[in-house]
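Produce the entire structure from the sequences given, and follow the hints as far as they go.
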Amino acid sequence: LEQHFDTAFAAPDGIKKLRELILTLAMQGKLVEQDPNDPPASELLKEIEAEKQRLVNAGAIKYPKPLLPIKSEELFYDLPKGWELARFGALVQVLNGRAYKQNEILGSGTPVLRVGNLFTSNKWYYSDIVLDDDKYIDTGDLIYAWSASFGPFIWSGNKVIYHYHIWKLKFYSQGQPLKEYLYHYLHDKTDEIKLSGSGIAMIHMTKERMENLLVPLPPLTEQHRIVARIDQLMVRCDELEKLRNQREEKRLAVHAAAIRQLLDAPDGSAWDFIQQYFNELYSVKENVAELRKAILQLAVTGKLVPQDPNDPPASELLKEIEAEKHRLIKAGKIKKQKSLPPIKQEEMPYEMPNGWEWVRFGDLTTEIATGPFGSMIHKSDYVFDGIPLINPSHMIDGKIVQDQSISVSKKIAQKLSSYKLCENDIVMARRGEMGRCAVVNNLSDGFLCGTGSFVLRFIDKLNRQYILNMFKTENVQEYLGGNSVGTTMTNLNHNILNHMPMLLPPLPEQHRIIARIDQLMALCDQLDQQINAATGKQTELLNAVMAQVE
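Count along the sequence shown from 1, then add 58; that gives the number in my numbering.
Hints are computed from structural coordinates only; laboratory data are not their basis. Certain hints may be false.
Calculated cross-link-like contacts (lysine to aspartate or glutamate; reagent style EDC-like; alpha-carbon spacing at most 16 Å) [what the hints assert, rightly or not]: (1) 217 x 191; (2) 343 x 586; (3) 530 x 348; (4) 388 x 425; (5) 377 x 518; (6) 217 x 190; (7) 469 x 443; (8) 478 x 425.
Written out as structure tokens, the structure is:
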């Protein structure tokens, strides 16, 4: 175990696995030594059974239903000397809570403990109904949540009513077995209990299955030693977890500060710092993800590559776009667009580099077309390996990944001919993941725009990859998400896209930016691969060490 603490600190989920191992070892009798002088667990079971019989004879409890006989093959390991196997229902009564009618729930009275209150919810309900003692939980009671969320608790609050989805575990014999031992046993068994549960929308456990759980029962004195050792080791796990969290928080904070400086400072000093501490900063994927975001943000604000005074300014590119629009309008290929309003000062969140221009997205496009309505294409129209339909799910990493099962016959394609895609079109999702898009190329089979998408068209010169990367930036994502419309499903419309403000670099700089993005994203991919490899090695090492102990 001492070796495990060092290994677990390095491995992802290592501390969680270490906690699980501690409980597993405890339940197998491997956490503390056995003492031959301890009264055996068989004596403990006799005492519990005698007390149970006394309670039945006194009319305090009903005689419990018979439990399943214990078979030797139910346990996959040998019990230590002095231990016994027992059914859970032989040790405690599993008492159901109560379901409540709407008129029984009030704004004051006795609190009603629900499963949510044990895990995430601070919202309490109350009732003034008077119940039998067994329908209340009081300080120190052992309870178990058994529906949706699972787990044991030793209740530390005041007296409450407990809901139907919680069991109160009432001991036949006070202090026998040790409450804390059963608490740790249930923690060790909770994953197994949940897997054996029933239901789809809400998994739950049955009382009968709970009562027939198999409990490895040590002598009572050994139970005390086991609980003391578990508590001692869990404190060490808590300390490790706290230390690990502090280290990760510090690493993330240092990186966040460096990224902020990188985004704000024009002199590149923050990049020098990042490179100096590269290995330390990028040993976690969260930092790599933030680096990717920063690269894109630098790209669209003119800080990723230096400006070249010899570049034709972006204003020249805008003139060419405008001229192409006039040509297409004159040829009857597109409709004349409404003039877009000038960009206001408050819509410019950062300074404009030399040669760049603030524009509205609609100033760049020659056309924004909408894909067909859902009612125009039915699943019954799909054929295998026909004319491909391009839906948002096919837009992956800026490229189109075809699905041969999502295609239509030539007859249906003829009806949808007005939605045919052209080389270098950009298709973009207009609902769901806002701004998800891909460039259309390799039209050997012909593509049709599917439902839920826009088709964005530009003059040939404009760098499509620059547009794709611009849509990935946080500012654009926030703009699209904040302006989308709808209640059950949010959507983008032409007006939102047309009015979106953005910075446009000169065309040669667009190419330089994309080359630099590709270079840096490849570096980020390498970092992710290195983290995966290191994580895999740490996990393998931890599993190997744990396997030796188990």
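**Report entry** Given hint residue 425 paired with residue 388 - CA-CA distance at most 16 Å
**Finding:** 14 Å, holds
Query raised in the report: Is residue 469 close enough to residue 443, meaning Cα to Cα at most 16 Å?
Result: With Cα atoms ~14 Å apart, residue 469 and residue 443 stay inside 16 Å; holds.
Report task. Decide if the proposed pair is consistent with the structure: residue 377 and residue 518, CA atoms, cutoff 16 Å inclusive. Result -> 14 Å, holds
Query raised in the report: Between residue 343 and residue 586, is the straight-line Cα distance small enough, at 16 Å or below?
Result: 6 Å, holds
Query raised in the report: Does residue 190 lie within 16 Å of residue 217 when you go C-alpha to C-alpha?
Result: 13 Å, holds
Query raised in the report: Going straight from one Cα to the other, do residue 478 and residue 425 come out at no more than 16 Å?
Result: Roughly 14 Å separates the two Cα atoms, so the pair holds.
Query raised in the report: Would the pair residue 217 and residue 191 pass a check requiring their Cα atoms to be no farther apart than 16 Å?
Result: 11 Å, holds
Query raised in the report: Holds or violated: residue 530 with residue 348, Cα cutoff 16 Å?
Result: At roughly 13 Å apart (the allowed maximum being 16 Å), residue 348 and residue 530 satisfy the hint.
Against the hints set out earlier in the document, no violation occurs for any number.
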